[in-house]
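Going line by line, the protein sequences match chains A and B.
Be aware that the first sequence starts at 5, since it is given in my numbering, and climbs by one per residue.
Be aware that the second sequence starts at 30, since it is given in my numbering, and climbs by one per residue.
I should point out that these hints are in silico values taken from the structure, not numbers from a laboratory.
All values derive from a computational prediction rather than experimental measurement.
The C-beta atom is built at its ideal place from N, Cα and C for all residues, glycine as well.
Among these hints, one or two may not hold up.
Label pairs and their computed distance ranges (CB to CB) [unchecked claim]:
1) A/T164 / B/G38: 51 to 61 Å
2) A/R267 / B/E118: 51 to 61 Å
3) A/R222 / B/L502: 30 to 40 Å
4) B/R498 / A/W403: 34 to 44 Å
To give a feel for the contact side, a few chain B residues facing chain A, derived at Cβ under 7 Å [stated by the list, open to error]:
5) A404
6) F429
7) R431
8) Y433
9) D437
10) L464
11) S466
Listed below, chain by chain, are the residues.
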Amino acid sequence: MNLVTDVAVVGGGPSGLTAAAGLAAAGLRVLVLDREREAGGIPRHSDHTGYGLRDLRTVMTGPAYARLLANRALEAGAQVRTSAMVTGWATATGGDGMHALDVTTPEGRLRVDARAVVLATGARERPRTARMVPGDRPPGVLTTGQLQNVVHLHHGRVGTRAVVVGAELVSWSAVLTLREAGCRTVLMTSEHARAESYAAFSVPGRALLRVPVATSTRVVRIGGRDAVESVEVEDLRTGERRTVPCDTVVFTGDWVPDHELARAAGLAMDPGSRSPVVDNTLATSRPGVFAVGNLVHPVDTADVAALDGRHVVRHVLAYVTGRSGTPGSGTTGSGTGRRPGIPLRAEAPFRWVSPGLVRPGAGAPPRHRILLWPDEHRAVARVVVTQDGREIARRTLPWPVSPGRVFRVPSSLLSGADPRGGPITISLG
Amino acid sequence: MSGEVSRSGPLPDGTVDVAVVGGGVVGAAVARELAGRQSSDGRALSVALVEARSDVGDGTSKANTAILHTGFDATPGTLESRLVRRGYELLGGYAERAGIPVERTGALLVAWTGEELAALAGLADKAVKNGYRECEIVGADEVYRLVPALGPGALGGLTVPGESIICPWTTTLAFATEALSRGAAVLLNTRVKGVEHDGDGETVLVTNRGPLRARWVVNAAGLGSDRVDRMFGHERFTVTPRRGELLVFDKMARPLANRIVLPVPSSRGKGVLISPTIYGNVMLGPTAEDLRDRADTSTSEEGFAFLVDKGLTLMPALMKEDVTASYAGLRAATEHGDYQVHLDAAQRYLVLGGIRSTGLTSSMALAEHAAGLLAEAGLVTSVREDPPGPPRMPNIGEAFPRPYMCDDLIAGDPAYGTVVCFCERVTAGEIRDALASPLPPADIDGLRRRTRAMMGRCQGFFCGAEIGRRLALTKESR
Chain A
5 MNLVTDVAVV GGGPSGLTAA AGLAAAGLRV LVLDREREAG GIPRHSDHTG YGLRDLRTVM
65 TGPAYARLLA NRALEAGAQV RTSAMVTGWA TATGGDGMHA LDVTTPEGRL RVDARAVVLA
125 TGARERPRTA RMVPGDRPPG VLTTGQLQNV VHLHHGRVGT RAVVVGAELV SWSAVLTLRE
185 AGCRTVLMTS EHARAESYAA FSVPGRALLR VPVATSTRVV RIGGRDAVES VEVEDLRTGE
245 RRTVPCDTVV FTGDWVPDHE LARAAGLAMD PGSRSPVVDN TLATSRPGVF AVGNLVHPVD
305 TADVAALDGR HVVRHVLAYV TGRSGTPGSG TTGSGTGRRP GIPLRAEAPF RWVSPGLVRP
365 GAGAPPRHRI LLWPDEHRAV ARVVVTQDGR EIARRTLPWP VSPGRVFRVP SSLLSGADPR
425 GGPITISLG
Chain B
30 MSGEVSRSGP LPDGTVDVAV VGGGVVGAAV ARELAGRQSS DGRALSVALV EARSDVGDGT
90 SKANTAILHT GFDATPGTLE SRLVRRGYEL LGGYAERAGI PVERTGALLV AWTGEELAAL
150 AGLADKAVKN GYRECEIVGA DEVYRLVPAL GPGALGGLTV PGESIICPWT TTLAFATEAL
210 SRGAAVLLNT RVKGVEHDGD GETVLVTNRG PLRARWVVNA AGLGSDRVDR MFGHERFTVT
270 PRRGELLVFD KMARPLANRI VLPVPSSRGK GVLISPTIYG NVMLGPTAED LRDRADTSTS
330 EEGFAFLVDK GLTLMPALMK EDVTASYAGL RAATEHGDYQ VHLDAAQRYL VLGGIRSTGL
390 TSSMALAEHA AGLLAEAGLV TSVREDPPGP PRMPNIGEAF PRPYMCDDLI AGDPAYGTVV
450 CFCERVTAGE IRDALASPLP PADIDGLRRR TRAMMGRCQG FFCGAEIGRR LALTKESR
């Protein structure tokens, strides 16, 4: 079966649903394709409050937030198809500038032709295998995603003694989920010299949940042939190793975008985040293909992802309407004929920066923020912006640089950049 | 007592004609072969396949390099050489009939040193001695044309166009499923602990589930084959498990490795290979480390470090991709250079031991060989007139159509359009079929080997809970 739409949104999480709601409200035909049985993305199984702060100016639980965003997209007139798995790109036949997707659904396979595609496929945690933790391979080794699926969506059981690997925000979410399932967290480990997450969470977290956190510590082995019996951890400062008895191991954080479709399209990719490179309009290197949410910044909070969805609406609209007259000739909006963007680069301790391109004259990035991922902690954030050997901005920001969460820099710090100059570099002074 | 899968409870009464000890790829092939034969009175042989673990193919057979070998590099004149060559043809043909995925990728041995380069001519000669004439020595330019992603420094190579990749899981399952359809019993969770003989020339296998009486016993117990051999009073060989660790890389690496890249054996020791997998990934390994513990399939820091180091030299671009899985297999190595196949007609006992990683390729030839030896020894058999043929196995190979791609299948049954495991694109229909198959899985790992569910890059982040639920529901309803 063939479907033709103005915009296909791949992924029905916060960013995709928000983009769909905005685009549909602007009068475009929008089709959201989500592979899960229900739309809503990760918040569906994050059964704690705190969702919606920045985008909806209120707070609610993850499942309530997921339902609300799905309903808003539907009410705005977007079509939301669930159990619809996009399996790849097809050769477009609908004329110049069209994109085509192959989709498998229980009702059959679809070929979706769209004038624009918004990729909102999100991110996932690197599992134990990708982190190359050796040892036995028993069941009982999970990621937070699987844990929360088991506990919140399927009301299944886990063990009684868990080791949580990582001390990011999501790691504390895992601790809460474990507690709800009757499983005590006997140790949390972090390879960093201090726990990554907000001090506001970490200190009461330790006090209230009474979770010991081992910093500068890595897991070097999992033991137990038929079931988890222990993990072996190493103190990175002393090299000393010890064995911690447990029956469950949860690998948390260490995000990697679900970028299969982005790579299959041959989009320019960022080696640090492994995300498609986007500019301030969230356009990728392929005209008409946009990328939003945690696919392009793995990961920031759900509300920030949702606001990407809101941000991209104007640019998708400009692209689609700018091209609608004579396909291939469009020079307006963010279509072809644009000025090349200026590459944005991050220096250590930052692993990546998003957006990776700044297109002069195309407006600010989402929320007027540049997002960076730090690998080290710095109590004082002295941000330095340079271009072609020239310092164009220097500012001390009132929040610390903490690994395990996005570091946000106001995009106004780039306002002094030369639109015809070379790459812009962000570093810490 | 035929055609049943049994995982618990007492073993069947009565005496079987043949008990095959070990439900790996070799034991399953032997059970399939013998269940297709009959005694002189025209009665189909009764066969029991006896496996200590909860599934067939759950030991060494599940964790190998999954290559269908031409046998070009075997030691000429050995039984292994002959059976690999024969098995290559037999299994290649059987795979087509049973729907076992095979990709004829070909292989390339790459020489990185002068010594390795000089060894290529000898390897080409050896291939001819093994009856394989397709090898060709090529220069460095051709090496890089064939595999552009190789790291710098390759000096030349030897092509082996016939080397192929195959699904080892489907192979063992197909053999066991066909054995079942031919009336064999598959006795799982059944560990042989001792052997007793009675006056009638029958053997009693003492197991954790009670005694099993058999007129003939075939020992295909892999890592335990020497122990079972000792139960029969022999001191012929000792299995030293040789651990091989492997890294499996993300499917996005697959374009880097379009064929098998083999090392040239040299004084530096045996190198590692890079191979596409039948599931669309790329594999790097194996290590080789002698162990004492016959159940230690853990991976190690040293193994990972060794493989990463090798990978960075062989194919630097590969190491930029994420590792999707790592595993370790134990080869049933012995002190001998050849397979340990010995018949004891008086004891009505045959051992097929010391079958190393070539056993996947040679499995059907070993079974044919075993049937011949047993016939000579007095187990009078002829091929049954019309034994049931191969089952049509579900395809889990990446190069062939799978249900999520098939309009007609989905139109007939929406479950084939309901993708449950996203990374591997496994549908609810395939999971349901595996759980309802003649030889259903006992756990998630068994389901993974039948469908690919949960073996992808997310390792269950998205689908783990849903797949666990479906497995648990089936177990409850049984």
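We went through each hint and held it up to the structure:
1. In this structure, A/T164 and B/G38 break the distance hint of 51 to 61 Å, their C-beta atoms being roughly 31 Å apart.
2. Checked against the hint of 51 to 61 Å, the C-beta distance between A/R267 and B/E118 comes to roughly 39 Å, which is inconsistent with it.
3. Between A/R222 and B/L502 the Cβ separation comes to about 38 Å, which falls inside the hinted range of 30 to 40 Å.
4. A beta carbon spacing of about 42 Å between B/R498 and A/W403 agrees with the range 34 to 44 Å that was offered as a hint.
5. A least Cβ separation of about 41 Å between B/A404 and chain A goes past the 7 Å threshold, and the interface hint is therefore violated.
6. Because the beta carbon of B/F429 sits about 15 Å from the nearest beta carbon in chain A, more than 7 Å, this interface hint is broken.
7. For B/R431, the suggested interface contact is broken, since its CB lies about 10 Å from the closest CB of chain A, more than 7 Å.
8. Against a cut-off of 7 Å between C-beta atoms, the interface hint on B/Y433 holds, since the closest Cβ of chain A lies about 5 Å away.
9. The restraint placing B/D437 at the interface with chain A is violated, with a minimum CB-CB distance near 10 Å, outside the 7 Å limit.
10. About 17 Å separates the beta-carbon of B/L464 from the nearest beta-carbon of chain A, more than 7 Å, and the hint is not met.
11. Checking B/S466 against chain A: minimum C-beta separation of about 22 Å lies over 7 Å; hint violated.
Consistency note: the structure conflicts with the earlier hints numbered 1, 2, 5, 6, 7, 9, 10, 11.
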